[in-house]
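K.L.:
Chain by chain, the residues run as shown.
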Amino acid sequence: MGANHVLNNVSCTIEAGQNVGILGRNGAGKSTLLRIIAGVESPDEGRVIRKSRVSWPIGFAGAFNGSLSGEENCRFVARVYGESIDRVVEFAYDFSELGDYFFAPTRTYSSGMKARLAFGLSMAIDFDVYLVDEVTAVGDKPFQEKCKAAFKARRERSSVIMVSHQMTTIRDYCSMFAVLEQGHIRFYETIEKAVASTTSAERVGAA
Amino acid sequence: MKEFAIGLGVELRIVHALILRETRTRFGRNQLGYLWAFAEPLIWIGTFAGMFYFLGRLTPAGMDSIGFLATGIVTFSIFRTCVDRSMTAIDGNKALLFYPQVRPLDLIAARATLELVTLATVLAIVLCINSVFLGRFEIDNLLLMMGGVLFAGLLGSALGLVAASGAVFSPLVERSTGPLMRPLFWISGLFFCSDDIPASAREIMLYNPIFHVIEMVRDGWYLSYTARYINILYPAGWLLGLAFIGLPLERAARRRLELT
Chain A
66 MGANHVLNNV SCTIEAGQNV GILGRNGAGK STLLRIIAGV ESPDEGRVIR
116 KSRVSWPIGF AGAFNGSLSG EENCRFVARV YGESIDRVVE FAYDFSELGD
166 YFFAPTRTYS SGMKARLAFG LSMAIDFDVY LVDEVTAVGD KPFQEKCKAA
216 FKARRERSSV IMVSHQMTTI RDYCSMFAVL EQGHIRFYET IEKAVASTTS
266 AERVGAA
Chain B
391 MKEFAIGLGV ELRIVHALIL RETRTRFGRN QLGYLWAFAE PLIWIGTFAG
441 MFYFLGRLTP AGMDSIGFLA TGIVTFSIFR TCVDRSMTAI DGNKALLFYP
491 QVRPLDLIAA RATLELVTLA TVLAIVLCIN SVFLGRFEID NLLLMMGGVL
541 FAGLLGSALG LVAASGAVFS PLVERSTGPL MRPLFWISGL FFCSDDIPAS
591 AREIMLYNPI FHVIEMVRDG WYLSYTARYI NILYPAGWLL GLAFIGLPLE
641 RAARRRLELT
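So the sequences go chain by chain: A and B. Residue numbers for the first sequence follow our numbering, so the first one is 66 and each next one is one higher. Residue numbers for the second sequence follow our numbering, so the first one is 391 and each next one is one higher.
One chain only, chain A, in its complex shape (with noise of 0.2 Å):
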């Protein structure tokens, strides 16, 4: 294994309200930075602080169990953060739109799908901060415009840190652009000078 330092002596703050979009290339280690703020994985030195509540890191990666059907699954994380059970499955079911599918095992989904549930479970949870890896990008158009639409609702109320290749999604969302690259993150106010920035900033726009 040779080391790939993601962070690497890097002491920073996001202030709660703020919308970051990380950008990064391919293997910069975007994902295990979320994981890392999320708390799944530990750094390897130093601490994650966390003052609010911040949801685990939402994506098309894991965090199903596949033999579970997509209700079980959300009873089970509704217990884990000790949310109703009833209105949890309630909202995921509505907001997913996967219909009967809905009470089939998460093993049959396509990652489409996954990321529906995952992005309507993770909505009937309040969370301060969502972790949001590259999954907004997910379904058709009008499932777009419906998660824009959620997290504008609770722009009040929460805010998210975002992973995303595509750069119109983060200019969506964020109001803050960061770029991992080298074990250093670096912020910025636009996302045009966050992109000048990189090395490399065709690649970062690029997939």
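No lab work stands behind these hints, which were simulated from the structure alone. On a predicted model such as this, the values are computed, not experimentally measured, just so you know. Misleading hints may appear alongside valid ones.
Taking lysine to any residue and the SDA-like style, the derived pairs with C-alpha atoms no more than 20 Å apart in a straight line are [as the list claims (entries may be wrong)]:
no. : chain 1 : residue 1 : chain 2 : residue 2
1   : B       : 484       : A       : 107
2   : B       : 484       : A       : 206
3   : B       : 484       : B       : 401
4   : B       : 484       : A       : 193
5   : B       : 484       : B       : 414
6   : A       : 116       : B       : 394
7   : B       : 484       : A       : 144
8   : A       : 258       : A       : 233
9   : A       : 116       : B       : 484
10  : B       : 392       : A       : 97
11  : A       : 116       : A       : 213
12  : A       : 211       : A       : 133
13  : A       : 116       : A       : 75
14  : A       : 213       : A       : 234
15  : B       : 484       : A       : 172
16  : B       : 484       : A       : 101
17  : A       : 206       : A       : 159
18  : A       : 213       : A       : 159
19  : B       : 392       : A       : 75
20  : B       : 484       : A       : 156
21  : B       : 484       : A       : 136
22  : A       : 211       : A       : 156
23  : A       : 116       : B       : 414
24  : B       : 484       : A       : 133
Residues on chain A that point at chain B, a partial pick, calculated with CB under 7 Å [claimed, not checked]:
no. : residue
25  : 70
26  : 128
27  : 129
28  : 132
29  : 144
30  : 145
31  : 147
32  : 156
33  : 158
The following label-pair restraints were derived from C-beta to C-beta distances [what the hints assert, rightly or not]:
no. : chain 1 : residue 1 : chain 2 : residue 2 : range
34  : B       : 642       : A       : 252       : 29 to 37 Å
35  : B       : 562       : A       : 75        : 19 to 27 Å
36  : B       : 573       : A       : 149       : 12 to 20 Å
37  : A       : 118       : B       : 540       : 31 to 39 Å
38  : A       : 252       : B       : 641       : 47 to 55 Å
39  : B       : 402       : A       : 175       : 30 to 38 Å
40  : B       : 450       : A       : 150       : 32 to 40 Å
A virtual CB, placed ideally from N, CA and C, is assigned to each residue, including glycine.
Following the hints, position chain B against chain A.
P.N.:
Chain B in isolation, oriented as in the chain A frame:
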């Protein structure tokens, strides 16, 4: 102190959620599936009771054959299934580690609790039914008996914790528990008591903590039997030792786990 109470509350909530999730996949979706948990130990007990009967083998004085076998076999089953299920707990639930509150130790705690409670219930039911038809209802020392059952589960999950965490580093660890279980089945006192074996052999066999645990259960159940040679502190020492290895190993394994 307040933080500890909150933390404990979260921990219990998570283990509870995991246990409910485990019952789904362990026993299937319909509630009859739970009955299957009873079948395996009953088959073992039935087989050996049949062998004892047809071979004319006598159980130690004052002990009926079903009760004697149940206290041995089910107690051993608690230990063995706790090892097996704990060992595979991480692999079977990797996806759930995406929730920051859920850590490998919780997965093991949930599985071991479910196995322990299920098989302890099996033991209680078998002994009660047997005491109505064939044996007697005894219970000499309930606390000692429960202690033995609890030790069987804790020793099993502690060994499972070591194996599960060790398996993250080397697959050899996981494979070595199978060959360990087979001899243990024959030398842990499922089919004999410490009173019945020669002193020279007993001295060696008492190095096995599972032997102590099974003797505790028998002593606790039978009015006429006192396990004179065992020491409760001995399996407790093993438990501490295994926890001492397993807990740091689990911490180290967390880093090595790859979530996809």
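K.L.:
Are the hints correct? Go through all of them and say.
P.N.:
Outcome of the hint check:
Of the pairs offered as hints, the one joining residue 484(B) and residue 107(A) holds, with about 16 Å between alpha carbons and a cut-off of 20 Å not exceeded. Restraint check for residue 484(B) and residue 206(A): the C-alpha separation of about 32 Å exceeds 20 Å, so the hint is violated. Distance check on the hinted pair: residue 484(B) and residue 401(B) sit about 18 Å apart at the alpha-carbon level, within 20 Å; holds. For the given pair, residue 484(B) sits about 26 Å from residue 193(A) by alpha-carbon distance, which is inconsistent with the 20 Å threshold.
Between residue 484(B) and residue 414(B) the CA atoms are separated by roughly 16 Å; this keeps the pair inside 20 Å, and the hint holds. Annotation: proposed proximity of residue 116(A) to residue 394(B) holds, straight-line Cα distance about 17 Å (limit 20 Å). As the CA atoms of residue 484(B) and residue 144(A) are separated by approximately 18 Å, the hinted pair is consistent with the 20 Å bound. Simply put, residue 258(A) and residue 233(A) have alpha-carbon atoms about 15 Å apart, close enough for the 20 Å limit, and the pair holds.
For the given pair, residue 116(A) sits about 27 Å from residue 484(B) by alpha-carbon distance, which is inconsistent with the 20 Å threshold. Restraint check: the Cα-Cα separation between residue 392(B) and residue 97(A) comes to about 32 Å, which exceeds 20 Å; the hinted pair is violated. Distance restraint check for residue 116(A) and residue 213(A): the Cα-Cα separation of roughly 25 Å exceeds the 20 Å cut-off, and the hinted pair is therefore not satisfied. A distance of roughly 26 Å separates the Cα atoms of residue 211(A) and residue 133(A); the hinted pair therefore is violated under the 20 Å criterion.
Restraint check for residue 116(A) and residue 75(A): the C-alpha separation of about 19 Å stays at or below 20 Å, so the hint holds. Straight-line distance between C-alpha atoms of residue 213(A) and residue 234(A) comes to about 9 Å, which keeps the hinted pair within the 20 Å bound. Proposed proximity of residue 484(B) and residue 172(A) is supported: the alpha carbons are some 14 Å apart, at most 20 Å. Proposed proximity of residue 484(B) and residue 101(A) is supported: the alpha carbons are some 17 Å apart, at most 20 Å.
The hinted pair formed by residue 206(A) and residue 159(A) meets the criterion: a straight-line CA distance of about 17 Å does not exceed 20 Å. With a CA separation close to 16 Å, the supplied pair residue 213(A) and residue 159(A) stays within the 20 Å bound. The straight-line distance between the Cα atoms of residue 392(B) and residue 75(A) is roughly 32 Å, outside the 20 Å bound, and the hint therefore fails. Under the criterion of a C-alpha separation no larger than 20 Å, the hint pairing residue 484(B) with residue 156(A) is inconsistent with the structure, at around 26 Å.
Of the pairs offered as hints, the one joining residue 484(B) and residue 136(A) holds, with about 19 Å between alpha carbons and a cut-off of 20 Å not exceeded. The suggested pairing of residue 211(A) with residue 156(A) holds, with an alpha-carbon distance near 13 Å, which does not exceed 20 Å. Distance check on the hinted pair: residue 116(A) and residue 414(B) sit about 35 Å apart at the alpha-carbon level, beyond 20 Å; violated. At roughly 13 Å between alpha-carbon atoms, residue 484(B) and residue 133(A) fall within 20 Å of each other, so this suggested pair holds.
This hint is violated: residue 70(A) has a C-beta 15 Å from the nearest C-beta of chain B, more than the 7 Å allowed. Hint status for residue 128(A) relative to chain B: holds, with the closest Cβ pair at about 4 Å, below 7 Å. Because the closest C-beta pair between residue 129(A) and chain B is about 6 Å apart, less than 7 Å, the hint holds. Annotation: interface hint on residue 132(A) holds; nearest CB of chain B at approximately 5 Å, less than 7 Å.
Because the beta carbon of residue 144(A) sits about 4 Å from the nearest beta carbon in chain B, less than 7 Å, this interface hint is met. Using the Cβ-Cβ criterion of 7 Å, the hint placing residue 145(A) at the interface with chain B is satisfied: the shortest such distance is roughly 5 Å. With a least beta-carbon distance of about 6 Å to chain B, the hint placing residue 147(A) at the interface is held under the 7 Å criterion. Because the smallest distance between the Cβ of residue 156(A) and any Cβ of chain B comes to about 18 Å, over 7 Å, the interface hint for this residue is violated.
The beta carbon of residue 158(A) is not positioned within 7 Å of any beta carbon in chain B (closest approach about 19 Å), and the interface hint is therefore violated. Separated by about 34 Å at the C-beta atoms, residue 642(B) and residue 252(A) satisfy the suggested range of 29 to 37 Å. For residue 562(B) paired with residue 75(A), a C-beta distance near 39 Å fails the hint of 19 to 27 Å. Remark: the range hint 12 to 20 Å for residue 573(B) to residue 149(A) is contradicted by a beta-carbon distance near 51 Å.
Checked against the hint of 31 to 39 Å, the pair residue 118(A) and residue 540(B) passes, with Cβ atoms roughly 36 Å apart. Against the hinted window of 47 to 55 Å, the Cβ-Cβ separation of residue 252(A) and residue 641(B) comes to about 33 Å, which falls outside the hint. A beta carbon spacing of about 36 Å between residue 402(B) and residue 175(A) agrees with the range 30 to 38 Å that was offered as a hint. Checked against the given bound of 32 to 40 Å, the beta carbons of residue 450(B) and residue 150(A), roughly 51 Å apart, lie outside it.
Hint violations for this structure: numbers 2, 4, 9, 10, 11, 12, 19, 20, 23, 25, 32, 33, 35, 36, 38 and 40, all remaining hints satisfied.
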